[in-house]
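Undergrad: If you're matching them up, the sequences are chains A, B, C and D in order. Letter by letter, the first sequence follows residues 1 to 323 in this note's numbering. Letter by letter, the second sequence follows residues 1 to 564 in this note's numbering. Letter by letter, the third sequence follows residues 1 to 501 in this note's numbering. Letter by letter, the fourth sequence follows residues 1 to 301 in this note's numbering.
For the record, the hints were derived by calculation from the structure and aren't laboratory data. Among these hints, one or two may not hold up.
[Said to hold, decoys possible] Stretch by stretch, here's where chain D covers chain A in the computed footprint (C-beta under 8 Å, at least three residues): (1) 53-59; (2) 115-124; (3) 135-144; (4) 295-301.
Glycine residues also receive a C-beta, built at the ideal position from the N, C-alpha and C atoms.
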Amino acid sequence: MVYFILKRLVQSVFVMLAVAFLAFSLFRFVGDPISQMTGVETTVADQERLREDLGLNDPFVVQFYRFTTDMLQGDFGFSYRTRQPVADMIADRIPATLELGVVALIISLIVGIPAGVYTALRPRGVLTQGILLTTLVGVSIPTFVIGIMLIFIFGVQLGWLPTFGRNGTVQIGGWESSLFTVQGWRSLILPAVTLGVYQLTLTMRLVRAEMMEVMRSDYIRFGMARGVPMGRLHYRHALANTMVPVITIIGLQFGGVIAFSIVTESVFQWPGMGLLFLESIRFVDIPVMGVYLVVIAFFFVLVNLIVDLLYVAIDPRLRVKDL
Amino acid sequence: MLVIKDLAVKFPSRFGDVTAIADVDMEIRPGEIHGLVGESGAGKSTVGAAVIGLLSQPGYIAGGEITLGETDLRALSPEAAHRIRGDRISMIFQDPQTSLNPLMTIEDQLVETIQAHSDATHSQAVTRAVDLLEEIGIKNAASRIKAYPHQFSGGMRQRVVIALAICTDPELIIADEPTTALDVAVQSQVLALIQRLARERQIAFMLITHDIGVIAQVADRVTVMRKGRVMETGETQQVLGAPDHPYTQALMDAVPPLDVKIDRFRVPEEAPIAGEGPTGNVAEAWLLEGQRSEMLGLTLDHLTVQFAAPRTSLFRTPAPYVALDDVSLTVRPGTIMGLVGESGSGKSTLAKAITGLVSPTSGTMQLGGDDLPYGKTRGRRHPSRQLIQMVFQDPYSSLNSRHTIADILEEPLWFYGFVSDARERRRLAAAMLELVGMAPEAIDKYPHQFSGGQRQRVAVARALLARPRFLICDEPTSALDVSIQAEILNLLKDLQSTFGLSVLFISHNLSVVRQMADDTAVLRAGRIEEVGPTEDLYEAPQADYTRELLALTPVMPKAWRRAG
Amino acid sequence: ETLRWASTTDPQTMDPHAVNSAPVLSFLNNIYEGLVRRGKDMSIEPSLATSWEPLEGENGWRFTLREGVTFQDGSAFTAEDVLFSYQRASDEAADVRSWFAPVTDVRVVDEFTIDFVTNAPNPLFPDSIANFMILDKDWAEGNDAALPARDAENFATMNVNGTGPFTLAGRDPGVRTVLVPHEGWWDEAEHNVTEGVFTPIGNAATGLAALLSGEIDFIQPIPLQDVAQVEGREGFRVLEGEETRVIMFGFGHEHDTLLYSTDVTDVNPFQDPRVRLAAAHALDIDSIDRVLFRGKIEAASQLVPAGISGYSEANSDRPAYDPDRARALLAEAGYPDGFSFGLKCTNDRYINDEALCRAAASMFAAVGLNAELSTGPVRDYWPQLREDDFDMYLLGWSPGTFDMEHPIRFLMHSQDDEARLGSWNFGNYSNARVDELLPMIQQEIDPAARQAMIDEVVAITQEEVAYIPLYTQPLIWAAKDNVDLTQRADNFFMLRWVTVN
Amino acid sequence: MRDWLKRYEPVWLFVHSPAAIVAAVIAIAIIFGAVFAPWIAQVDPYDLSSFSLFDGLLPPVWEDGANPKYLLGTDDQGRDMISSILYGARLSLVIGISALTIAAVLGVGLGLAAGFYGGRFDAVVMRIADVQLALPAILTALLIDGIARGVLPASVQQDVRVAVLTLAIALSLWVNFARTARASTFVQMQKEYVQAAIMMGQRPVRIMFVHILPNILGPLLVIMTVDLASAILLEATLSFLGIGLPADSPSLGTLIRIGMQFLLSGEWWILWIPTLFLVALVVSINILGDFLRDVFNPRLR
Ligand SMILES: Nc1ncnc2c1ncn2[C@@H]1O[C@H](COP(=O)(O)OP(=O)(O)OP(=O)(O)O)[C@@H](O)[C@H]1O
Ligand SMILES: Nc1ncnc2c1ncn2[C@@H]1O[C@H](COP(=O)(O)OP(=O)(O)OP(=O)(O)O)[C@@H](O)[C@H]1O
Ligand SMILES: [Mg+2]
Ligand SMILES: [Mg+2]
């Protein structure tokens, strides 16, 4: 187990380095940070001096080396745009994105799993067909359109929920959370739903497919043959067995959720990392973009690791006796 | 007690209803073990499933009666039927590997079953479960009950399955091939358990199997099915010993005996005889023409194969798993060497080492006096890749289902550079099909359009088209019915003698090996227990293990066999 | 009363000298003050200086400072603070230092008098420093913020201490910034705001939704096409005005060949004024106004809109929409079948910039000028322009000093890196007479003489079609009905003019 | 009759699945319209001189103030909506299909090889896949876009936008194919026909592509349809974030992005008609994908 985790961690470092490298090589093409940092009247000479100061004239390898070594020493640099430490800026935004992502995920699970089970058990029902078609339409509308529609329906027309931002946050330790106030939840719900729609459909379809597969398996038939109550068979036996593939895909998708939160955050002005990242692209704020990507890669790697550990928790066959 | 009358089951399909069984009559009395035999697809499982009400979708009972005691099983509502299941009827499936929920402990599964049918409290249920496990022969049941299925061996798992079936004291248990996945030792224990339960608890068993030996050994009465209909039913002794129905007679003839060697298997129906057709001769001639080289023997010397066990610790390299341990074996040129042993003993590993699919850790292999390099170092163009061919166990997966028979058969011809003309290749492939007893027109079809036996013929044809000198058959008939098995074995025998092939014949079925092999080796946990001429080995086994195997193999009483 | 308002961009820093960008200067004008300030009509009025007059005997200005002004932390405002702020703002680390390019010396005369000495007569100097904000010397030095932050943040990035009407009560960059009134402000408060909460909302539709749902009271700007929607709703109103930004097309005067043409590759037809004029005649500003801008733009004849000082009344005609004349001019210039060329545009910089360019390309095409349109975000637009990578390009210009001299200096004078002139004249339009007139305009004190010179420049550039000025960009704000506010032409939002009813 | 049906089982299934028929009709109609756009559409939205701002913002015919010449109205540039949509669908499909092809070739190739060789090669491929997954599609798009800008001469940059976008989408989709192909290959590797081929000494490339590939096509085909839908949507999203196609050569995604500006302004058709079109296309492709999944599911045969 320890060996396994260590092995994964070592691999993770490589994944992150590779992401950093790729990220870094792309920044040079995003645009020119200097022209974004300076005003109309700044002279060319001043711009050149700034460029030199920031080390932007150094060869790419040197810049990358500096970026990685600094980062390994815990120095994440300063934003070109706000001059604040990048580490602080990102750290400030992590709770917002994570809470959004996790709540979206949870919504997608608590709706998607029962819907998947239902549609699997009644494959020909009218409701099943309805659910399948609705979700299909749901994922066929681009996220940004869905987001804006939700804002106008629930925020403007009905006036039930806030249209933007993240309100009602509470500081808990170093973590700014919106999960502890009604206000916070009201702000969270629309973006989380928007972000969760795709995930929900995916979860539902996956659970449905796996469930239909598992329901045909011998142990379910044997369970029926010995008269185990149906409810127990469906939820205790069948559902648990669908979880391994479902967790894999959901784990993989969580990375996608975090990445796609860029769109959702921008639509809802949700102050998370994605929004910060978009702003950073606009201002060619290279240090922020770099750290953002590495953080994303880190989350991705972390989620993968958690998924692997969850397998072990779910499936006793994977538990290795000797550590 | 269980009475089935005129039962018919249909499966609606995309192309209309298919009648799986019809006019099935059967009666099972309390405490009786009722055998249900027949070839694959005969409808045996369908009868069982219809009785317990678990026909696989979208099958339905089209007519007939099923009554259990006073209850008309067909008249029950789904809820009532579900209540009856477990309570009065239970079922055991073939594969103990897949019959248990891998994510729940044995205890959970037993307790939930007991509680589903009684008011027992949790602790009462646990007590009962433990008692039950003890009763069916699981030692230390109190502690082992906390285990997950994967922590049990196959035999123990099948016992647990039986425990689950009997824990609610049903009147009838339907056992669908309950021992097919087990090796003989475990099989005999499970069969003994079933017999004991029938005697002591008066549980009736419907024992579904295609193994006539098993039926002969344990069944009180037997029903023979074919193509969805009952051919014959009655006392076991009468049906098997003096069959009325010609089909039953033919079936009995195809069962290979363990105790004597017969020349050829009797085939139930007139199967086409190999090599009869005019084009078949072409193929035969072509093969004989390739016989320039003499017969090749194979010598294995101190062969050891180890597999790395998965690494789980940072500091310890785990001890490798020894699949073959110091195996020395000689296949004489032009003879058949039989290799028997229970599942997991390393038989297939041996075949793979010879064919180069796995690399031995040490030892040498020689084919006709030439060293055979280890798998990793054997070049793609090494002559042995042509000289050694293999017929696999599973005809379903050994043929690429996306290639036509022509593609499959022509591949060795061009690959080994025998025939460069495409038309000639096709002609030869068709001829070879005929040689193995199939219509040459079959060449444009796909494998899934054939039955298992036909596919296995194609597999044999493919092996022959490589002009092999050494043929490995890895359980070539274990996926087939007895009757088809007989055909294939006859075919293999004929071909072997015609073309002077040396053969390594792998099987876990001792009866089959006795009929096929000149010499036999017994493998156990990667070690050779005994090797010698087949007749000697079967008549006077030296090793205890061999004796045990022979004793436990279910056989028909000699008297029931018609004179060969 | 609490006022919540939103705009597209967050001020990236609270340091008034670090960045010369509109969002920052606009926001900080609520907190800091300069020696002079602009009134509701953009006119210059006293602020921290009560009066100013030209120096005697040398070039420059003397400012008399207001007495009794205190910073938000309570310390007093004196000439030392002005000197300190000048030094800070003209440091290399400051992005606003170009304002002080003409300044050669600053002298504290006494506690409330300070002299700015310039290298030449500079009548516009007071106008040009309206956004030069004064920091407290002791506060800045005491908090290690004596210079604007360069690559790392410093105290002034996140904290303020100005003399202005409001002070910072909370800041969460990119999320919300809260202002509260500065109790000790020297001027009389016109507003009744007790708390101002600013939120950046990048997405226009979201911002509008926030306004309509009542979560914010005011937003700048809203998309043109939504004006009718907002006006149609009970309880909301739209403020429309003209911004000072003129949108124009520029040419690659300097290139000898077209870069993006598929047919004319040996010459640059845009070097011929007739071709440039043809392009100007091809554009139907009225249709653009009606369809794309819903009647909210004002056609422009020159690089500043009417009303800006120096605007040339004498040259207020722009080339009319006349495709036939355009075709004739092209034929005359030797391109009867037209030619193709590359047109570069931004797509996130000006209002409807992309749609404008598409419409323009379509209009050009109608007379045979086949534009290969390429649009992109502004983040890599300026570098492309600086590298001369265009045949024709879109540019919007807002005169920072609200005087015609500004665009002449940046856009019409030939490129001259030494003298820092023509630095945004990407196509390097060059005319000796214009170059000659610029320093004279800069130094001329007499308004009439100065205007005559400006008129001459405008006439020349119109004659030569140096640029095609298109229109003045509209300024569209939306607010709840109960909010009274003043829309200033520089798009600055001043909290001190807001009353919430 | 029966034999015929059995042989053409998918056809039979298809004929008996109303959803699949409707989906196919919609998809084919859209594809037909897209392919023949130059002949069907009354204006060429790429030809700037073929439309005029003068006709801008006209509503569909059933609304007041419409011009019957423009059935579904015009956009803010005066472009006929139908024509733009047909051309847009054409571009979206071109991008989607080419991205998918690239992704499939790359992903299936790598996945097959990873499954076939296993061990270290497999580990490397899967780590590369991880890196790819950790890079959001928008970043991949920026990267490719940036490199193209850096490498290609300015004059062709606008022309390669489509290629750039295609490549970016392809890169963010290949992992799906690689993972599926790899997993299916692992299963096939256990099959005896593969063992037989290896034993014969056939070349690995032949084993992978001639023997294994046809057997894993089923699941791959399903991914194809699902990913075609996501490719089209991804293109729309990238457009929204400003890294998509220029507005004068619009894809469906770009049309929606432009239409977003008119969400509230009353000119609903500029947004909703292309959106409806996109949804119809994506939903019908997905339904066809589900249908294929059923056809290929051996359990249902
Ligand atoms: N789910 C199903 N759908 C369609 N037909 C079926 C289904 N299950 C069984 N059948 C048909 O019923 C017939 C009997 O099948 P059944 O499984 O009962 O045979 P069996 O005797 O148990 O064979 P085996 O020894 O292979 O288990 C087969 O020919 C098959 O075609
Ligand atoms: N690639 C491998 N890696 C690790 N262990 C293996 C591998 N292949 C086989 N083994 C192990 O080697 C042992 C022998 O396997 P083998 O397949 O040779 O048995 P067998 O006698 O053919 O059994 P069966 O009758 O079930 O086919 C088994 O315990 C198996 O788990
Ligand atoms: Mg069966
Ligand atoms: Mg084996």
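Undergrad: Against this structure, judge whether each hint is valid.
TA: Each hint, compared with the structure:
1. 53-59: Since three or more residues must qualify, the claim that chain D covers the region 53-59 of chain A is violated, with 0 doing so at under 8 Å.
2. 115-124: Coverage by chain D is violated for the region 115-124 of chain A (0 residues, Cβ < 8 Å).
3. 135-144: It holds: at least three residues are needed, and the region 135-144 of chain A offers 8 whose Cβ sits within less than 8 Å of chain D.
4. 295-301: holds (count 4)
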